[in-house]
Amino acid sequence: EAQVTQNPRYLITVTGKKLTVTCSQNMNHEYMSWYRQDPGLGLRQIYYSMNVEVTDKGDVPEGYKVSRKEKRNFPLILESPSPNQTSLYFCASSSPGSVPDTQYFGPGTRLTVL
Amino acid sequence: QKEVEQNSGPLSVPEGAIASLNCTYSDRGSQSFFWYRQYSGKSPELIMSIYSNGDKEDGRFTAQLNKASQYVSLLIRDSQPSDSATYLCAVGANTGGFKTIFGAGTRLFVKA
Numbered sequence: 003e004a005q006v007t008q009n010p011r012y013l014i015t016v017t018g019k020k021l022t023v024t025c026s027q028n029m030n031h032e033y034m035s036w037y038r039q040d041p042g043l044g045l046r047q048i049y050y051s052m053n054v055e056v057t058d059k060g061d062v063p064e065g066y067k068v069s070r071k072e073k074r075n076f077p078l079i080l081e082s083p084s085p086n087q088t089s090l091y092f093c094a095s096s097s098p099g100s101v102p103d104t105q106y107f108g109p110g111t112r113l114t115v116l
Numbered sequence: 028q029k030e031v032e033q034n035s036g037p038l039s040v041p042e043g044a045i046a047s048l049n050c051t052y053s054d055r056g057s058q059s060f061f062w063y064r065q066y067s068g069k070s071p072e073l074i075m076s077i078y079s080n081g082d083k084e085d086g087r088f089t090a091q092l093n094k095a096s097q098y099v100s101l102l103i104r105d106s107q108p109s110d111s112a113t114y115l116c117a118v119g120a121n122t123g124g125f126k127t128i129f130g131a132g133t134r135l136f137v138k139a
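Residue numbers (the working numbering), protein chains in the order written: chain A, 3 to 116; chain B, 28 to 139.
Watch out, some of these pointers could steer you wrong.
A short, non-exhaustive set of chain A residues, derived as facing chain B with CB atoms under 10 Å [unchecked claim]:
| hint | residue |
| --- | --- |
| 1 | Gly108 |
| 2 | Pro109 |
| 3 | Gly110 |
| 4 | Arg112 |
Now the stretches of chain A that chain B is said to cover, found in silico as 3 or more residues with beta-carbon under 8 Å [claimed, not checked]:
| hint | region |
| --- | --- |
| 5 | 36-46 |
| 6 | 50-64 |
What the hints contain is simulated information worked out from the structure, not anything from laboratory work.
As the structure is a prediction and not an experimental result, all values here were calculated from the model.
A virtual CB, placed ideally from N, CA and C, is assigned to each residue, including glycine.
Sequences are here, hints too, so could you generate the full structure?
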């Protein structure tokens with residue numbers, strides 16, 4: 003089954019404790035992206051990756067890191083989480099041509115930073 | 028700042044009516060346009076994509092694009108209670124990065 007998976011689905015942590023949210027897709031997609039979703043603000047892009055070892059900042063990259071060492075995986079790293087990073091996080095992937103194309107979303111990770 | 032604007036709603040329509048959802052965008056370099064549906068607590072799923080001016084129909088859904096007015100809309104005919112969800116407008120551009128920008132979404136309620 004074609005899918006995007008994220009782990010963990012739910013996480014409660016404390017300020018300053020490093021964490022990683024994993025994202026994996028089995029569709030051989032080149033493009034992967036991380037979003038956060040907050041009430042009233044919609045989906046905001048954190049980072050995206052056009053392919054292995056190619057990443058770029060989205061609209062809200064502060065406090066986050068990413069890496070793309072393999073095509074299927076795109077982990078999101080919070081080196082020192084803060085309460086304002088409490089949010090619902092989605093990973094997405096697509097296989098764009100000359101323009102951004104349909105994205106397939108993972109199930110989401112609900113993060114609470116105390 | 029490139030923006031995508033939607034009326035947050037809620038938009039309430041009776042069952043069987045036409046629901047009309049609207050979206051405007053600021054980046055004239057935008058080249059791809061999407062409507063996603065998101066049920067509460069779930070991930071967004073694609074309803075329609077449109078790339079050129081005019082109408083595109085798929086079942087009960089019609090997407091309309093007007094690049095000159097920087098406007099994209101979604102019509103849902105014969106609305107059903109199961110259509111009650113938040114509808115996200117998304118716009119893709121490859122100017123200044125290969126990015127997709129989402130609107131904040133419009134909540135739709137279809138009353139039985």
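Structure versus earlier hints, numbers of those that do not hold, lowest first:
Those not satisfied: there are none.
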